[in-house]
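**Student:** The lines below spell out each chain.
2 protein chains.
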Amino acid sequence: MRFGIFYEHQLPRPWEPDSEQRLYADALEQVEIADRVGFDYVWEVEHHFLEEYSHSAAPEVFLAAASQRTRNIRLGHGIVQVPPPVNHPARVAERVATLDLVSGGRVDFGTGEASSAAELGGFGVDRERKRAMWQDSLDAITRMFVEEPFAGWHSPYLRMPPRNVIPKTVQKPHPPLWVACSRRETIHLAARNGIGALSFAFVHPEDAGKWSRDYYRLLESEECVPAGFAVNANLAIVLPMMCHEDPAEARRRGALGAAFFAYALAHYYGPSKHTPGHNSIWGNFTKDGPKMGAQGTDPLAGALGSPQQLIDLITRYEAAGVDQMIFVLQAGPNRHDHICESLELFGKKVLPAFTEGREEREREKSSRLAPAIEAALSRRSPARRLSQPYVIDEDAELSRLTHRPPPTPADLLAATRKRARLMGRHLLSRLVATRSDEDLTRWLTPGRQRLLFTLMARSFQPDKAFGFQGTLEFRLQPRSTWTIAIRGPRARAFPGPARTPSLSLTLPAADLLRILAGTANPAALLVSGRLKITGDVTLASRVAEMFGGPSPY
Amino acid sequence: MRFGIFYEHQLPRPWEPDSEQRLYADALEQVEIADRVGFDYVWEVEHHFLEEYSHSAAPEVFLAAASQRTRNIRLGHGIVQVPPPVNHPARVAERVATLDLVSGGRVDFGTGEASSAAELGGFGVDRERKRAMWQDSLDAITRMFVEEPFAGWHSPYLRMPPRNVIPKTVQKPHPPLWVACSRRETIHLAARNGIGALSFAFVHPEDAGKWSRDYYRLLESEECVPAGFAVNANLAIVLPMMCHEDPAEARRRGALGAAFFAYALAHYYGPSKHTPGHNSIWGNFTKDGPKMGAQGTDPLAGALGSPQQLIDLITRYEAAGVDQMIFVLQAGPNRHDHICESLELFGKKVLPAFTEGREEREREKSSRLAPAIEAALSRRSPARRLSQPYVIDEDAELSRLTHRPPPTPADLLAATRKRARLMGRHLLSRLVATRSDEDLTRWLTPGRQRLLFTLMARSFQPDKAFGFQGTLEFRLQPRSTWTIAIRGPRARAFPGPARTPSLSLTLPAADLLRILAGTANPAALLVSGRLKITGDVTLASRVAEMFGGPSPY
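In the order they appear, the protein sequences are chains A and B. Residues in the first sequence are numbered consecutively from 1, following full-length UniProt numbering. Residues in the second sequence are numbered consecutively from 1, following full-length UniProt numbering.
Source of the hints: derived by calculation from the structure; they are not laboratory data. Values in this document were obtained by computation on a predicted structure and should not be read as measured data. Check the hints yourself; a few may be wrong.
[Claimed, not checked] Computed spacing ranges between beta-carbons, pair by pair: (1) B/Trp15 - A/Glu206: 26 to 34 Å; (2) B/Ala383 - A/Lys273: 22 to 30 Å; (3) B/Arg368 - A/Ala25: 31 to 39 Å; (4) A/Pro371 - B/Met423: 52 to 60 Å; (5) A/Phe468 - B/Asp395: 56 to 64 Å; (6) A/Asp437 - B/Glu374: 26 to 34 Å; (7) A/Pro333 - B/Gly467: 55 to 63 Å; (8) A/Ile311 - B/Thr355: 55 to 63 Å.
Just so you know, even glycine gets a beta-carbon here, dropped at the ideal spot from N, CA and C.
Kindly generate the complete structure, drawing on both the sequences and the hints.
**Tutor:** So this is what it looks like as structure tokens:
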């Protein structure tokens with residue numbers, strides 16, 4: 001088991017003129033302590049425009065500063081946003097390599113796509129293409145690390161002629177790769193790409209075993225084709241943490257920060273509207289907060305406690321096969337001195353329980369995985385060598401870059417479908433925006449229900465179901481019930497209850513319309529008690545996007 | 001007078017596995033010394049793919065590392081490449097602000113466009129639009145610093161909806177702005193934009209007075225409309241430096257590095273062909289070097305000397321009105337221990353000669369300029385406030401971003417003209433590539449000479465002449481002479497010599513064709529003795545682009 005600390009650089013309003021400077025100075029001091037007491041990693045996010053939630057917009061700068069204040073701690077990008085409209089892949093390769101140089105090879109390179117509307121809309125990243133951008137950029141960037149020269153790129157997302165991208169990393173072939181897993185299914189993606197899974201999905205220790213088994217089973221299977229030129233087999237999970245000898249004091253010091261973290265996350269990643277420079281998420285939180293806090297701390301509360309409680313909790317995660325625990329201490333209004341005390345105490349009383357024999361265990365794991373990793377790497381297409389030296393010709397390169405081929409029929413069809421889907425969503429959202437609950441219930445006549453569920457079934461997106469098979473039952477209040485049965489790539493709707501539903505949702509008819517329009521968040525409806533669920537809870541959060549609605553990820 | 005040191009992170013081949021790591025570690029140690037002995041600035045370039053010449057691809061990372069090893073020295077981006085295809089303007093604002101936070105407000109923000117074929121072709125930046133991109137991005141970035149929220153952008157180069165770009169800088173309204181002046185005329189652009197001029201053009205002390213007078217005259221005139229929300233009135237020049245009590249030793253230690261610097265610069269910014277991952281610039285330099293070294297050190301040699309020689313030289317620049325001397329020590333094969341010794345000696349023996357009364361002089365300068373600066377700032381369009389709160393709507397933002405208006409007739413005409421110009425250049429370069437000097441001389445019959453000079457005159461680009469008026473005489477060997485007279489925006493060609501030419505070029509007819517085709521560099525022809533010049537030397541380097549040929553900048 002390895003240990004990390006995690007930074008969003010949260011800054012609840014109101015802000016003082018020196019708030020951001022203090023935030024950064026405190027964080028650097030905390031990282032210095034973490035390094036001294038034996039933490040293995042500091043992870044920092046890259047987020048843009050997410051006021052209050054994350055003021056960490058240039059992690060390459062913060063981590064570079066941290067590199068000169070520390071000796072051993074690894075510097076983790078958790079994560080870099082790799083879609084080219086945000087960061088040109090060559091710029092990513094350059095900054096990762098430069099950080100690796102100034103830190104003497106201490107970089108871990110986490111990657112991701114971004115998923116808030118604030119970021120995607122701000123940089124013009126199409127939500128439906130961002131996963132493809134991630135995969136494409138990761139391939140290009142890892143080749144920039146190892147190819148001399150990088151042999152060039154020609155994809156729908158990046159065009160670049162051959163160049164020697166310098167400097168190169170200290171770690172060879174490149175720093176360990178990770179991917180952010182905002183939803184747990186992405187852990188499968190990580191395994192198939194042979195890279196570390198940074199799970200932000202607050203997995204319970206009881207569920208962690210399943211995810212760890214899935215991860216290693218896939219990573220050792222033939223489905224694993226590494227995204228990089230080395231495999232990083234590690235599963236890390238992120239949890240809020242605060243440590244104090246008195247468990248009640250640990251909770252007092254950490255609970256509000258953890259609850260604000262979850263609240264602000266829901267603000268930016270749910271359907272709430274954000275008004276730049278204008279919202280006060282902290283203000284709203286203190287109004288809504290107590291309720292959220294009480295409900296919200298359950299899965300998170302585990303890491304707010306005494307050293308012995310933390311040892312017990314971590315032991316359960318270790319037994320479940322988790323390789324790294326990453327702790328969020330800097331969250332919401334959590335105090336710098338409390339964070340420093342927690343880190344010191346953790347280093348003194350908790351860490352030593354997990355270090356004995358650790359390197360031996362890690363060596364064993366490496367040997368066990370070695371044959372599978374070797375086999376996986378042989379499946380990855382190798383670094384390219386140009387068949388003949390490439391001579392730079394600016395004019396020719398520019399005209400190749402600016403010339404775009406005409407769209408194919410498939411492109412046009414996809415664009416038309418997308419426009420139709422957006423239009424449907426738009427009409428639905430106008431409908432729900434202008435009518436009361438009563439109006440909407442009346443509007444949803446039996447005939448319209450049939451139309452709605454038939455359209456939902458027709459719009460079923462198998463790739464968003466992650467292999468799910470079974471029946472979904474919708475108990476619409478006041479009085480109608482519909483079922484959608486999913487088998488293979490097809491879904492079929494029929495009126496009435498299901499015999500053994502995989503998931504049953506009970507909710508006002510109006511709220512179903514709101515979920516499909518993307519203006520209501522199932523998680524928020526669940527917290528407020530308007531939505532009741534029997535069955536697989538995580539499935540519920542995917543209902544909208546399974547049927548062509550917007551994804552919160 | 002203030003003092004800076006300057007980093008390209010040069011690394012001549014051959015490379016060892018740890019060469020880049022050592023290069024960076026040494027540089028950090030040098031910066032620590034510079035800070036301790038009283039240097040005011042460390043400047044770092046941002047260059048991409050320029051193997052051997054510059055391994056400084058992520059200066060935000062290096063400067064952030066330096067921030068934690070130093071106390072007072074200012075951290076200068078010299079420069080950030082601001083065309084959006086290289087760095088998204090929001091990413092630039094973010095990284096500059098973050099560096100300002102971790103350094104406690106020590107950032108100077110130099111800006112530029114990039115101009116090597118390796119970089120422009122690599123990122124797909126159109127040379128003819130990069131100046132416009134620079135101006136546009138600078139306006140957007142400075143607004144991101146001061147507007148809360150940034151009110152959005154809609155230009156041919158950047159589209160972005162309103163967002164609050166965070167974090168904000170420590171220095172208010174933002175760090176001092178500069179622009180790279182690879183050619184001396186850009187000093188006028190700096191003045192008109194109310195920003196510092198970082199002159200890389202190796203100005204002689206005798207010429208510096210004129211440039212300084214021009215700079216301050218324009219900056220204090222009504223032509224100055226600040227690019228930022230504060231004015232930075234400073235002129236800095238960059239020179240190679242090495243200091244030793246024995247002037248001959250200083251020269252021995254520094255001359256080769258300075259010569260390599262100039263040689264590698266000419267390689268990437270001249271018409272030489274670069275083959276990524278393949279060239280050895282150092283190898284070619286050691287073959288061509290001695291000659292270059294001898295000729296090349298003239299304007300540079302001044303800052304290789306004893307403390308007293310440096311004091312004398314700097315005094316001349318100070319008298320000419322230069323505000324900052326920026327020294328290149330890390331160049332070519334220059335040794336780390338020599339650089340450290342130079343910095344120590346400079347701090348001990350040279351710096352003290354310029355610090356007495358310096359703050360008083362700077363205060364006087366500030367008061368003298370204050371009224372003009374106030375007037376200039378009142379001409380800048382102010383920070384914007386949204387008339388009503390803007391609510392983020394990802395779908396609407398994405399469709400606005402991806403919808404592009406059809407090209408206007410003016411766009412189409414410009415594109416056609418550009419294509420014709422490129423085609424002409426292409427035909428010319430094919431001609432010169434396949435024929436010997438004798439063939440070319442024969443090919444250039446009197447009739448074709450008339451056609452060529454008439455076309456040159458017609459292609460005259462007044463904006464590339466920077467207000468030049470006068471006559472250019474071309475003495476083509478073996479025996480014909482042509483003159484082009486420039487008056488206002490027009491040029492006229494006629495056979496025969498000029499009465500009082502502003503510039504007279506004597507060169508083989510074949511070489512004129514090569515210059516116009518962009519395959520020969522006037523500077524290189526000058527060094528090799530094939531081209532002889534009477535008159536304004538800097539005008540000669542602009543001849544090709546004044547008549548529609550390629551610009552080396």
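**Student:** If you test the structure against every hint from before, which numbers come out violated?
**Tutor:** 1, 5, 6
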